[in-house]
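Q: In short: position in the sequence shown from 1, add 146, done, that's this note's numbering.
The set of hints was computed from the structure by calculation and includes no laboratory data.
Mixed in with the good hints, there may be bad ones.
Claimed, not checked - As a list, the in silico BS3-like pairs of lysine-lysine whose alpha-carbon atoms are at most 27 Å apart:
no.	residue 1	residue 2
1	LYS196	LYS214
2	LYS222	LYS189
3	LYS222	LYS196
4	LYS163	LYS187
5	LYS173	LYS188
6	LYS222	LYS186
Stated by the list, open to error - Pair by pair, the computed Cβ-Cβ distance ranges are:
no.	residue 1	residue 2	range
7	ALA169	GLY192	31 to 37 Å
8	VAL208	PRO179	33 to 39 Å
9	VAL209	HIS165	41 to 47 Å
10	GLY166	ARG197	43 to 49 Å
11	VAL209	ALA169	37 to 43 Å
12	ALA171	PRO217	51 to 57 Å
13	ALA171	GLY210	42 to 48 Å
All C-beta atoms in this analysis are idealised placements derived from N, C-alpha and C, irrespective of residue type, glycine included.
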Amino acid sequence: MGGFRATLASERAIFCKVHGSLARAGKVRGQTPKVAKQDKKKKPRGRAHKRMQYNRRFVTAVVGFGKKRGPNSSEK
Numbered sequence: 147m148g149g150f151r152a153t154l155a156s157e158r159a160i161f162c163k164v165h166g167s168l169a170r171a172g173k174v175r176g177q178t179p180k181v182a183k184q185d186k187k188k189k190p191r192g193r194a195h196k197r198m199q200y201n202r203r204f205v206t207a208v209v210g211f212g213k214k215r216g217p218n219s220s221e222k
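Full structure from sequences and hints, please.
A: This is how it looks when you write it as structure tokens:
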């Protein structure tokens, strides 16, 4: 019985479909203009980073009505 299941699994793998044509792979990345990376200020590390996280999450957090905003929210 185990051999029968193995053959069904291998046959199923042969007939799988690919979502979309592979000829179009990388289309969007290829047509976007190249932009040079900008210089960024270095992020604090260690104790200073923990302090920054604490201040962001608990000290300056605005308590309002409704659902709590997530850390990646862009709404003001």
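Q: Next, verify each hint and record whether it holds.
A: Here is how each hint holds up against the structure:
1. LYS196 x LYS214: The given pair, whose Cα atoms are some 22 Å apart, holds under the 27 Å limit.
2. LYS222 x LYS189: 23 Å, holds
3. LYS222 x LYS196: 24 Å, holds
4. LYS163 x LYS187: Roughly 46 Å between the alpha carbons, so the hint for LYS163 and LYS187 is violated.
5. LYS173 x LYS188: 33 Å, violated
6. LYS222 x LYS186: 23 Å, holds
7. ALA169 x GLY192: 31 to 37 Å: Taking Cβ atoms as reference, ALA169 and GLY192 lie about 49 Å apart, which means the hint is violated.
8. VAL208 x PRO179: 33 to 39 Å: At roughly 37 Å between Cβ atoms, PRO179 and VAL208 fall inside 33 to 39 Å, so the hint holds.
9. VAL209 x HIS165: 41 to 47 Å: The hinted range 41 to 47 Å holds for VAL209 and HIS165, with Cβ atoms some 44 Å apart.
10. GLY166 x ARG197: 43 to 49 Å: 47 Å, holds
11. VAL209 x ALA169: 37 to 43 Å: 53 Å, violated
12. ALA171 x PRO217: 51 to 57 Å: 33 Å, violated
13. ALA171 x GLY210: 42 to 48 Å: About 44 Å separates the Cβ atoms of ALA171 and GLY210, which means 42 to 48 Å holds.
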